[in-house]
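K.L.:
Okay, here's what each chain looks like letter by letter:
Protein chains: 2
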Amino acid sequence: MTHDTLDGLAIHTVTTRSWSAGECIKHYAAAGIPAITFWRDVLDGRNPEAIGRQARDAGLGVVSVARGGFFFGSDWEDDNKLAVDQTAALGAPVLVLVCGADPALPLEESRKIITERIGMLLGYAQRRNVLLAIEPLHPMYADTRSAINTIQQAHDVCDALDSPANLGLALDVYHTWWDPALEAGIRKTGATNRLFAFHVCDWKVPTTDLLNDRGLMGEGCIPIRKIRGWVEESGFQGFNEVEIFSHTYWAQDPHAYLEKIKEAYKKHV
Amino acid sequence: MTHDTLDGLAIHTVTTRSWSAGECIKHYAAAGIPAITFWRDVLDGRNPEAIGRQARDAGLGVVSVARGGFFFGSDWEDDNKLAVDQTAALGAPVLVLVCGADPALPLEESRKIITERIGMLLGYAQRRNVLLAIEPLHPMYADTRSAINTIQQAHDVCDALDSPANLGLALDVYHTWWDPALEAGIRKTGATNRLFAFHVCDWKVPTTDLLNDRGLMGEGCIPIRKIRGWVEESGFQGFNEVEIFSHTYWAQDPHAYLEKIKEAYKKHV
Chain C
1 MTHDTLDGLA
11 IHTVTTRSWS
21 AGECIKHYAA
31 AGIPAITFWR
41 DVLDGRNPEA
51 IGRQARDAGL
61 GVVSVARGGF
71 FFGSDWEDDN
81 KLAVDQTAAL
91 GAPVLVLVCG
101 ADPALPLEES
111 RKIITERIGM
121 LLGYAQRRNV
131 LLAIEPLHPM
141 YADTRSAINT
151 IQQAHDVCDA
161 LDSPANLGLA
171 LDVYHTWWDP
181 ALEAGIRKTG
191 ATNRLFAFHV
201 CDWKVPTTDL
211 LNDRGLMGEG
221 CIPIRKIRGW
231 VEESGFQGFN
241 EVEIFSHTYW
251 AQDPHAYLEK
261 IKEAYKKHV
Chain Z
270 MTHDTLDGLA
280 IHTVTTRSWS
290 AGECIKHYAA
300 AGIPAITFWR
310 DVLDGRNPEA
320 IGRQARDAGL
330 GVVSVARGGF
340 FFGSDWEDDN
350 KLAVDQTAAL
360 GAPVLVLVCG
370 ADPALPLEES
380 RKIITERIGM
390 LLGYAQRRNV
400 LLAIEPLHPM
410 YADTRSAINT
420 IQQAHDVCDA
430 LDSPANLGLA
440 LDVYHTWWDP
450 ALEAGIRKTG
460 ATNRLFAFHV
470 CDWKVPTTDL
480 LNDRGLMGEG
490 CIPIRKIRGW
500 VEESGFQGFN
510 EVEIFSHTYW
520 AQDPHAYLEK
530 IKEAYKKHV
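Here the protein sequences line up with chains C and Z, keeping their order.
For the first sequence, the numbering used here gives the first residue as 1, with consecutive numbering after it.
For the second sequence, the numbering used here gives the first residue as 270, with consecutive numbering after it.
Quick caveat, the hints were computed from the structure, so don't treat them as lab data.
Each hint should be verified, as a subset may be incorrect.
Unchecked claim - Pairs of lysine to aspartate or glutamate residues, derived as EDC-like cross-links and limited to a Cα-Cα distance of at most 20 Å, are as follows:
{"#": "1", "chain 1": "Z", "residue 1": "K495", "chain 2": "C", "residue 2": "E108"}
{"#": "2", "chain 1": "Z", "residue 1": "K495", "chain 2": "C", "residue 2": "D44"}
{"#": "3", "chain 1": "C", "residue 1": "K226", "chain 2": "Z", "residue 2": "E378"}
{"#": "4", "chain 1": "C", "residue 1": "K112", "chain 2": "Z", "residue 2": "E452"}
{"#": "5", "chain 1": "C", "residue 1": "K226", "chain 2": "Z", "residue 2": "D371"}
{"#": "6", "chain 1": "Z", "residue 1": "K495", "chain 2": "C", "residue 2": "D102"}
{"#": "7", "chain 1": "Z", "residue 1": "K473", "chain 2": "C", "residue 2": "D102"}
Throw the hints in and build the complete structure from the sequences for me.
P.N.:
What follows is the structure, given as structure tokens:
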């Protein structure tokens, strides 16, 4: 992959969250973005099959759906089956799992429950040809968003379930850049053929909000290109998905923002 | 240590940051708090020897000084020597180090620099009978506040410097509760006689600010008593220091807040 084209670029619909699915498809395609990941909010109440067709007809690759998981809600099973169904109908190969955590439980107990519940979902996803990608989340989200906070912990879940072929990892530089075992964990995805998705953005210095102050690539301190190098050396050939939650960027004109994303992608990913 | 008394309780002056050093001493002593840790802002421009004497005369133990470190500023050496001098003059045994990070460098490079600069400070501190305690900071502070983000990384610095007797760790449950290697890291402090300080507070669910939304013990999801158990099993006999940065609590009457801290300490530490 060269670094001066848009090859390999995908964008998550949440990045331009004022747009509907149809608007994202239309404007991403017009801007020359190669591929798209759908967040479920833009699929709600819509026909995912038609949306998937619309995206492919516009020339966009359909990368993945974000997100299933949150295994501690009372409706976790129905909701995750719905997410798998949406992913399959959309024609996306991957469903990203943000696993959740029960703050009343020790983290290791939450991880056991996550492992069991992913295990219960595997057959359902397999029959629909959907890959499940566990996304480790930054430790600042360990209270409720995910008890899986390191790449090794995501590997541990896969290993505990005997490495099913349709279970792997989604790696986001934002969540994992600080992890001293990141490079080793990425190498292990190569050995296990287990990396299903790669997300990029940046960690702003300073960061002013725990959720919605992510930076555009190059704006922060994450060594994105180095991490991308490890990811590609591990054999990953998928997209580099731009997923940015940002009150700052959401307040700007999304068309101008798409251009900034393209420039940042060429320079810093 | 029993859990229904104030035995072992210390409070950081920053916890009641509207109070001067003198006010903290007076009001902590009146409230029956056994001990105090001084932040340097309340020492600025004051005579630390007189403040230390005043605290001991009021019956307070003088636990430590927070904080030295920040090894990436141009004045790091002078500032850290000043911090050591203040600690020695105050009669506190321990200076806590928040090590800093250079966001332009890879984290492992920042850690090398931290290790070198702590090495350069050790003799100075030793001659003044000051213990240096490396505080691992939560990974959400890896950009600028500290490249030491796990208890193991703090051990690594000590090991790399051949385990000087006056170099050890300050462990804060807020920074480390998520770490899957926490228990093992605490056990290693026992084997190496390396735990110099133990800080408590809680992680609120949800947390709304990266810096100043810490919770009172019992308000959040940190298994404080379990971690304290590991710490005591490792042989630690020092104080449990309450260090809470909180816009919420700073806005309240500090006298009423001290009473809340005492109740929370008895119930949850």
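K.L.:
It remains to establish, for every hint, whether it holds in the given structure.
P.N.:
These are the hints, each one checked on the structure:
1. Z/K495 <-> C/E108: OK: Z/K495 and C/E108 at ~13 Å, within 20 Å.
2. Z/K495 <-> C/D44: Status violated; Cα separation ~43 Å.
3. C/K226 <-> Z/E378: holds (14 Å)
4. C/K112 <-> Z/E452: holds (18 Å)
5. C/K226 <-> Z/D371: Given pair C/K226, Z/D371 holds - Cα atoms ~17 Å apart, limit 20 Å.
6. Z/K495 <-> C/D102: holds (17 Å)
7. Z/K473 <-> C/D102: holds (13 Å)
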